[in-house]
Amino acid sequence: GIQVEQSPPDLILQEGANSTLRCNFSDSVNNLQWFHQNPWGQLINLFYIPSGTKQNGRLSATTVATERYSLLYISSSQTTDSGVYFCAVGGWNDYKLSFGAGTTVTVRA
Amino acid sequence: KAGVTQTPRYLIKTRGQQVTLSCSPISGHRSVSWYQQTPGQGLQFLFEYFSETQRNKGNFPGRFSGRQFSNSRSEMNVSTLELGDSALYLCASSDPGVVDTQYFGPGTRLTVL
Chain A
381 GIQVEQSPPD LILQEGANST LRCNFSDSVN NLQWFHQNPW GQLINLFYIP SGTKQNGRLS
441 ATTVATERYS LLYISSSQTT DSGVYFCAVG GWNDYKLSFG AGTTVTVRA
Chain B
591 KAGVTQTPRY LIKTRGQQVT LSCSPISGHR SVSWYQQTPG QGLQFLFEYF SETQRNKGNF
651 PGRFSGRQFS NSRSEMNVST LELGDSALYL CASSDPGVVD TQYFGPGTRL TVL
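Top to bottom, those sequences are chains A and B.
Going by our numbering, the first residue of the first sequence is number 381, and it counts up by one from there.
Going by our numbering, the first residue of the second sequence is number 591, and it counts up by one from there.
The shape of chain B in the complex, shown without the other chains (with noise of 0.2 Å):
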């Protein structure tokens, strides 16, 4: 099977605009999670959907925001980018009725200038 994608890879973006980031999971899985990775914070999770269904948000502010389609992608969304957004932006994967095992995509790397 393949694994996670994840697009883009690498991003570029300025204060104030938004950016969508995309990610496609192990074909079966239906649950995908967003974590943002920073060197300060470290790994934070974003938030989790399962069938098109938001289960559980981390704590981030409002302008992160995502989705889920019914063959199971998923978006991410932020708008009104700001620096300290700067980051690597992982989606995971997992088929919960089988083992919660949690497959990690490349990651998207967000640059704010």
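With the rest of the complex left out, here is chain A (with noise of 0.2 Å):
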């Protein structure tokens, strides 16, 4: 299956403060989604960007296909932005995401 990998796993920001994640795949996808997951494990949608830049609020990503890489940003970030943030990538006709190891970002009042 493909492999994704996320980084940093840990992130620790000051309020106010700008972050990129980034996440890492190992062959070409046509699905690639970016979720928040809330503290009681409910995986809330942020983007679905298989390719191309997306924006919504303060959060925008981008995802260089021909690379294999992805982008999440952050900007002027809120403590309710604590939480794990992961990224899933689909291959073509394979019914299903991988999903990376998550990245924990803990925001600071």
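Just to be clear, a hint being listed does not mean it is correct.
[Unchecked claim] Negatives, chain A to chain B, calculated, CB over 10 Å:
#1 Gln383
#2 Gln413
#3 Tyr453
[Said to hold, decoys possible] Which bits of chain B does chain A cover? Going by a derived footprint, with three or more residues having C-beta under 8 Å, they are:
#4 607-621
#5 642-654
#6 690-699
It is worth saying that the hints were derived from the structure and are not from the lab.
Heads up, the beta-carbon is just placed ideally off N, CA and C, and yes, glycines get one too.
Given two chains presented individually in distinct reference frames, assemble the corresponding complex, making use of the accompanying hints.
Given below as structure tokens:
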């Protein structure tokens, strides 16, 4: 299956700081999603972004499919941004997502 | 539209028992996938169903099984529970004919004693 590596594993930020999370994957994909897992365990969709760039408020994401990586940017971080961020990818016709190990973000007031 | 719903939300079982978890997808979504999340192994794919057909299965023992009904609702069953089956079980639905975005439910937290 497709291997997914996320970095860094942990990130501690001061409120108001900006940060970049990275996701590398080992093969071509037709699905790439970023999720935020809330304290109760639910995975919240942030972006569906198999290629290109998208922005949603203080969050933005870029996927360079030809180079097999994706970046998630958090700007002006807030304490509510704390949690685990997952990158997940899907290959062509494999009908599943392969998840990275996640990046745990802690935003301090 | 209502989101993906999963029942029950919490479950406590003992070793050797069996358990059935239920997932109702977003209305109109025909694909349902199941994932297991543990601290040690992270998020792992269990299986995916589309129009009542299993299209892919993860690397789990045969004790893990699933099915999908004609209304797209899905169930997964784990027989002869082991301590290591304690996990958060997450269900996701999508509408592959439109965009293959996976939407996840709140999960069922299973504890095996």
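Here is how each hint holds up against the structure:
| no. | hint | in the structure |
| --- | --- | --- |
| 1 | Gln383 | holds, 12 Å |
| 2 | Gln413 | violated, 6 Å |
| 3 | Tyr453 | holds, 20 Å |
| 4 | 607-621 | violated (count 1) |
| 5 | 642-654 | holds (count 3) |
| 6 | 690-699 | holds (count 9) |
The structure is inconsistent with the numbered hints 2, 4, although it conforms to all the rest.
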